[in-house]
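> Listed below, chain by chain, are the residues.
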Amino acid sequence: MTAVDTRPAEPGPVDPDQPSASADALLARRSWKSPILFGVFAILLFILLVPFGRGGKAIFDFTSTSQKDAYQIPLLTLDSHLTEIITAIILVLMAAGSAYFAVKRRKMPLWYVIVFTVIVVFGFLVWTSADTGHNLTITSLLVGGLGLSAPLIFGGLGGVISERVGVTNVAIEAQLLFGAFLSAVAASLTQNLFVGIIAAMVAGVLVSFVLGAFSIKYAVNQVIVGIVLNVLVLGLTTFLYEQVLVGNASVLNAPPQLTVINIPLLSEIPIIGPLLFSQTIIVYIMYVAVAAVFIGLYRTRWGLRLRAVGEHPQAADTVGINVARTRFWNVALAGAVAGLGGAFYTIGSVGSFSQDMTNGAGYIALAAVILGRWDPVRVTLAALLFGFAENIGLAAGPMGSAVPNDFLLMLPYLVTIFAVAGVVGRVRGPAAAGRPYIKS
Amino acid sequence: MKLELRGITKNFGALVANDHIELAVEPGEIHCLLGENGAGKSTLMNILYGLYQADSGEILLDGVAQHFAGPGDAMRAGIGMVHQHFMLIPVFTVAENVMLGHEQSKAGFLDLSAARAKVREISARFGFHVDPDALIEDLPVGVQQRVEIIKALSRDAKVLVFDEPTAVLTPQETDELMVIMKQLKESGTAIVFITHKLREVREVADRITVMRLGKVVGEAEPTATNAELASLMVGRSVELTVTKSTAVTGEHALVVEGLSVIDAHGQVAVDDVSFEVRAGEILAIAGVQGNGQTELTEALLGIQNRVTGTITLDGKNLRDLPINEILEAGVGFIPEDRQDDALIAEFTIAENLMLDRADGAPFVKGGALQLKYLAEFATEKVREFDVRTQGIGTMVGRLSGGNQQKVVLARELSRDLRLFVAAQPTRGLDVGSIEFVHERIVATRDSGVPVIVVSTELDEVVALADRIAVMYRGKFVGIVPGNTSREVLGLMMAGEVPAGTEVAA
Numbered sequence: 001m002t003a004v005d006t007r008p009a010e011p012g013p014v015d016p017d018q019p020s021a022s023a024d025a026l027l028a029r030r031s032w033k034s035p036i037l038f039g040v041f042a043i044l045l046f047i048l049l050v051p052f053g054r055g056g057k058a059i060f061d062f063t064s065t066s067q068k069d070a071y072q073i074p075l076l077t078l079d080s081h082l083t084e085i086i087t088a089i090i091l092v093l094m095a096a097g098s099a100y101f102a103v104k105r106r107k108m109p110l111w112y113v114i115v116f117t118v119i120v121v122f123g124f125l126v127w128t129s130a131d132t133g134h135n136l137t138i139t140s141l142l143v144g145g146l147g148l149s150a151p152l153i154f155g156g157l158g159g160v161i162s163e164r165v166g167v168t169n170v171a172i173e174a175q176l177l178f179g180a181f182l183s184a185v186a187a188s189l190t191q192n193l194f195v196g197i198i199a200a201m202v203a204g205v206l207v208s209f210v211l212g213a214f215s216i217k218y219a220v221n222q223v224i225v226g227i228v229l230n231v232l233v234l235g236l237t238t239f240l241y242e243q244v245l246v247g248n249a250s251v252l253n254a255p256p257q258l259t260v261i262n263i264p265l266l267s268e269i270p271i272i273g274p275l276l277f278s279q280t281i282i283v284y285i286m287y288v289a290v291a292a293v294f295i296g297l298y299r300t301r302w303g304l305r306l307r308a309v310g311e312h313p314q315a316a317d318t319v320g321i322n323v324a325r326t327r328f329w330n331v332a333l334a335g336a337v338a339g340l341g342g343a344f345y346t347i348g349s350v351g352s353f354s355q356d357m358t359n360g361a362g363y364i365a366l367a368a369v370i371l372g373r374w375d376p377v378r379v380t381l382a383a384l385l386f387g388f389a390e391n392i393g394l395a396a397g398p399m400g401s402a403v404p405n406d407f408l409l410m411l412p413y414l415v416t417i418f419a420v421a422g423v424v425g426r427v428r429g430p431a432a433a434g435r436p437y438i439k440s
Numbered sequence: 441m442k443l444e445l446r447g448i449t450k451n452f453g454a455l456v457a458n459d460h461i462e463l464a465v466e467p468g469e470i471h472c473l474l475g476e477n478g479a480g481k482s483t484l485m486n487i488l489y490g491l492y493q494a495d496s497g498e499i500l501l502d503g504v505a506q507h508f509a510g511p512g513d514a515m516r517a518g519i520g521m522v523h524q525h526f527m528l529i530p531v532f533t534v535a536e537n538v539m540l541g542h543e544q545s546k547a548g549f550l551d552l553s554a555a556r557a558k559v560r561e562i563s564a565r566f567g568f569h570v571d572p573d574a575l576i577e578d579l580p581v582g583v584q585q586r587v588e589i590i591k592a593l594s595r596d597a598k599v600l601v602f603d604e605p606t607a608v609l610t611p612q613e614t615d616e617l618m619v620i621m622k623q624l625k626e627s628g629t630a631i632v633f634i635t636h637k638l639r640e641v642r643e644v645a646d647r648i649t650v651m652r653l654g655k656v657v658g659e660a661e662p663t664a665t666n667a668e669l670a671s672l673m674v675g676r677s678v679e680l681t682v683t684k685s686t687a688v689t690g691e692h693a694l695v696v697e698g699l700s701v702i703d704a705h706g707q708v709a710v711d712d713v714s715f716e717v718r719a720g721e722i723l724a725i726a727g728v729q730g731n732g733q734t735e736l737t738e739a740l741l742g743i744q745n746r747v748t749g750t751i752t753l754d755g756k757n758l759r760d761l762p763i764n765e766i767l768e769a770g771v772g773f774i775p776e777d778r779q780d781d782a783l784i785a786e787f788t789i790a791e792n793l794m795l796d797r798a799d800g801a802p803f804v805k806g807g808a809l810q811l812k813y814l815a816e817f818a819t820e821k822v823r824e825f826d827v828r829t830q831g832i833g834t835m836v837g838r839l840s841g842g843n844q845q846k847v848v849l850a851r852e853l854s855r856d857l858r859l860f861v862a863a864q865p866t867r868g869l870d871v872g873s874i875e876f877v878h879e880r881i882v883a884t885r886d887s888g889v890p891v892i893v894v895s896t897e898l899d900e901v902v903a904l905a906d907r908i909a910v911m912y913r914g915k916f917v918g919i920v921p922g923n924t925s926r927e928v929l930g931l932m933m934a935g936e937v938p939a940g941t942e943v944a945a
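Chains as they are written, first to last, in our numbering: chain A, 1 to 440; chain B, 441 to 945.
Hints may be right or wrong, so weigh each one.
Claimed, not checked - Quick look at which bits of chain A chain B covers, simulated, 3 or more residues with Cβ under 8 Å:
| no. | segment |
| --- | --- |
| 1 | 202-210 |
| 2 | 357-369 |
What the hints assert, rightly or not - So the derived label-pair ranges between C-beta atoms look like this:
| no. | chain 1 | residue 1 | chain 2 | residue 2 | range |
| --- | --- | --- | --- | --- | --- |
| 3 | B | A574 | A | P270 | 31 to 41 Å |
| 4 | A | L82 | B | Q707 | 42 to 52 Å |
| 5 | B | G831 | A | R373 | 17 to 27 Å |
| 6 | B | V531 | A | Y287 | 43 to 53 Å |
| 7 | B | L455 | A | V220 | 45 to 55 Å |
| 8 | B | K756 | A | A213 | 53 to 63 Å |
| 9 | B | G706 | A | R325 | 49 to 59 Å |
Claimed, not checked - Computed from the model, here is a short list of chain A residues facing chain B with C-beta under 8 Å:
| no. | residue |
| --- | --- |
| 10 | T77 |
| 11 | D79 |
| 12 | Q314 |
| 13 | A315 |
Quick caveat, the hints were computed from the structure, so don't treat them as lab data. No residue lacks a Cβ here, since even glycine has one placed at the ideal position from N, Cα and C.
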């Protein structure tokens with residue numbers, strides 16, 4: 001048989017891998033977005049820390065509130081003024097470094113962004129706690145941050161599954177809120193936490209069924225269906241809460257709370273122990289869920305087919321994969337995952353349901369999906385960023401921060417806008433997300 | 441495996457796409473299905489592949505009637521298809537694409553090594569060099585097509601359908617595909633080869649079935665001449681060449697120097713291209729789809745953002761001018777995607793005819809549309825350009841492709857042009873419309889306008905061009921005279937200039 005060679009022929013006079021000089025100059029247009037963003041942050045912090053610097057001492061406390069660490073890290077006391085100045089200088093230098101990356105047309109590494117962010121937060125914390133007499137309780141700050149991140153992570157994973165299969169999921173908010181509501185009511189009625197968890201998943205799936213039916217079967221615009229669902233669930237839960245739950249709170253809205261499970265040994269490690277291994281079952285499920293979605297998406301038949309349907313539904317169809325069915329059931333699965341995050345608001349933390357208790361977390365989860373580029377692990381990191389930002393906003397006020405409390409509460413949203421607009425820029429999501437597959 | 445189609449009928453509304461089609465393909469035979477766009481070939485194959493359901497008729501494999509609810513059933517029965525638009529997922533690897541839909545798993549995880557082995561085994565059998573771990577989007581189209589073939593063979597296809605497989609290939613890749621098809625035939629596969637290119641048919645076909653307007657109109661022998669096949673396909677005798685006199689050229693009207701374009705993905709799409717076009721000549725830009733022709737023509741019209749170099753028309757710099765000023769300078773443009781970029785489907789013929797002239801007299805006065813003038817103008821143009829329609833109020837979306845293109849031509853050619861750019865002007869048109877479009881392009885040239893024609897069809901390039909520029913990966917491989925041989929052009933389309941090639945500067 002004749003061999004057919006698909007390797008490129010010997011290069012002729014045209015060498016495609018060598019762009020000519022004029023094209024090279026055009027290609028090399030520098031991106032100043034990151035240096036500008038870094039510069040703005042560095043200047044703001046510099047103004048805050050140096051001319052408006054606050055003296056005194058900043059005391060860092062690394063112990064956990066339960067005081068059962070195997071080893072007690074001593075308090076760390078820093079001179080506020082000196083620390084503020086050093087921090088400000090490092091930030092300015094790092095901003096200059098980001099300009100260097102732009103001039104050299106090199107891509108800024110991810111660690112650079114993370115280190116910069118951590119130093120900004122550190123500088124802000126030192127400044128805000130200086131001379132207040134309050135200790136900076138780092139461990140509880142982190143634990144609180146993880147608590148606020150957990151629903152975002154569940155919501156984000158739901159978003160990843162749904163969008164990767166090709167259905168834009170704006171209804172994460174609805175899934176979280178309905179999950180919170182139904183889990184509280186079900187757990188309250190049965191006084192059984194397991195039933196509460198199942199109910200949360202069922203709630204998310206119910207929202208998904210509506211989303212799936214309209215967007216897959218009837219090809220309605222998916223963003224509109226999602227927004228309508230968010231408004232609908234907010235209205236429905238508010239109505240039921242005011243008309244039914246408030247009057248019968250002891251029967252319908254008094255669920256038991258999940259207890260904290262301490263993992264032996266691991267939970268005694270300073271900082272990490274109370275942060276990661278002294279949590280409720282929902283958080284442990286979350287760890288498993290992140291790993292399972294990550295491995296499942298890239299290493300199993302389920303994930304391969306799911307991604308194929310989201311990228312090129314017609315190609316999937318021509319190899320015998322039922323596009324509509326794959327989409328519908330994976331959107332349902334996404335709802336179950338997001339609904340579980342809703343349970344965290346009620347039985348996972350405070351117990352009873354209250355009106356609009358998710359308060360827009362679903363939209364932040366949606367931002368995390370985009371910031372994390374539809375990858376489960378990156379989305380989890382993005383959700384953690386948003387959760388910690390929110391917690392710093394919440395915690396700084398009681399610590400005697402000089403910044404008005406209402407301004408601090410804007411923090412997570414500011415971080416979201418900067419992160420999505422500044423760091424991400426244009427990204428390529430699943431090619432067919434948001435587009436219904438209609439066979440001619 | 442022997443494939444038989446008996447009395448297949450398929451209606452889309454009032455349109456009969458397939459009317460009692462009979463077709464039989466023996467194992468080890470290449471059966472060509474020849475017909476124009478819209479003849480019903482693809483519909484028939486989609487029925488065979490389970491994508492559509494026939495209204496009546498039956499599909500038999502080795503004499504056993506089959507019922508395909510979807511492509512999965514057809515594949516299990518041994519039918520494979522190499523689609524015109526590849527059904528590959530760009531962000532997946534070759535192995536992942538090949539395994540998709542019939543994945544093997546080990547302890548719940550994908551067994552990628554088995555898929556890789558399968559790709560290597562089939563590649564070796566046919567002498568392909570395909571890396572199982574390469575991403576599809578990084579591969580040239582010719583190799584992507586081989587992945588499609590591997591995909592079908594990995595499912596043990598005994599009947600293989602090639603739907604317009606050469607549309608995206610260079611002439612050399614086309615020749616290689618012909619070799620592969622013959623190899624497959626020798627190994628006992630039954631092959632259905634759908635095309636409208638006569639040369640290919642005569643090269644590989646064992647039998648030829650010709651379709652026209654949803655019906656089988658006849659069978660032909662591979663020994664039939666091009667003219668015989670063409671007249672069978674079109675239903676009347678056709679002129680296969682364009683009659684044009686020698687070009688009477690004037691001054692250099694359009695001068696392009698050092699033009700580079702960066703596309704939306706940040707890739708260099710056009711790379712330092714320089715050329716000029718004289719008044720009264722046709723410069724054809726040949727090349728395989730996706731080598732920068734689209735971006736080049738868009739840069740001329742001013743709809744590309746990141747452009748360097750100079751574009752000078754009649755001594756006036758066009759680069760960085762707003763689009764309305766470029767149009768005012770007399771640039772007429774036929775975009776390659778006529779439905780998305782040239783026309784608004786939900787507008788009437790009359791409205792589409794004035795789309796780029798809504799900024800003043802005679803179509804608009806004091807902000808009000810001059811409907812009476814528009815109606816007279818549209819009626820006149822519909823007559824002049826032979827648009828077959830019920831009236832000027834018909835939605836453009838309801839016209840056939842050929843008539844849509846005539847509306848675009850009428851709009852662009854009714855302005856006072858200084859430059860005419862036609863990108864893929866006859867793609868997807870019937871033979872009659874192609875003749876008409878070609879005549880108008882030559883007439884435009886003869887009226888002293890510089891013309892640029894971009895085409896991936898070598899036949900069209902050779903028929904129209906006074907000079908031919910061949911584009912490969914964003915650069916001009918060379919500019920050669922209009923009578924350059926196909927073999928040389930084919931090599932140039934793959935990026936090589938054969939020694940001793942005459943250069944027409």
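> In this structure, is the beta-carbon distance linking V531 (chain B) and Y287 (chain A) contained in 43 to 53 Å?
At roughly 28 Å between Cβ atoms, Y287 (chain A) and V531 (chain B) fall outside 43 to 53 Å, so the hint is violated.
> Is the hinted range of 42 to 52 Å satisfied by the C-beta distance from L82 (chain A) to Q707 (chain B)?
Roughly 50 Å apart at Cβ, these two residues keep to the hinted range, so it holds.
> Could you check the hint for me, namely that G706 (chain B) and R325 (chain A) are 49 to 59 Å apart, CB to CB?
violated, 37 Å
> With a cut-off of 8 Å on the beta carbons, see whether Q314 (chain A) makes it to chain B.
holds, 6 Å
> How does the coverage statement for the segment 202-210 of chain A fare against chain B, requiring three or more residues with Cβ below 8 Å from a Cβ of that chain?
violated (count 0)
> Note whether the CB distance of K756 (chain B) and A213 (chain A) lies within 53 to 63 Å or breaks it.
holds, 58 Å
> Would you settle whether the hint for T77 (chain A) is holds or violated, based on the nearest Cβ-Cβ distance to chain B being less than 8 Å?
Given a least distance of 50 Å, the restraint on T77 (chain A) is violated.
> Against the range 45 to 55 Å, how does the distance between the Cβ atoms of L455 (chain B) and V220 (chain A) compare: consistent or not?
Between L455 (chain B) and V220 (chain A), where Cβ atoms are some 28 Å apart, the hint is violated.
> 17 to 27 Å was suggested as the range; check whether the CB atoms of G831 (chain B) and R373 (chain A) agree with it.
Between G831 (chain B) and R373 (chain A), where Cβ atoms are some 52 Å apart, the hint is violated.
> Taking a Cβ-to-Cβ distance below 8 Å as contact, does the segment 357-369 of chain A have at least three residues touching chain B?
Coverage by chain B is violated for the segment 357-369 of chain A (0 residues, Cβ < 8 Å).
> Given A315 (chain A) as an interface hint, is the shortest Cβ-Cβ distance to chain B below 8 Å?
Because about 4 Å separates A315 (chain A) from the closest Cβ in chain B, which is inside the 8 Å limit, the hint holds.
> Can D79 (chain A) be said to touch chain B, with a Cβ gap under 8 Å?
Result: violated, 48 Å to nearest chain B Cβ.
Comparing the model with each numbered hint stated earlier shows that hints 1, 2, 3, 5, 6, 7, 9, 10 and 11 do not hold.
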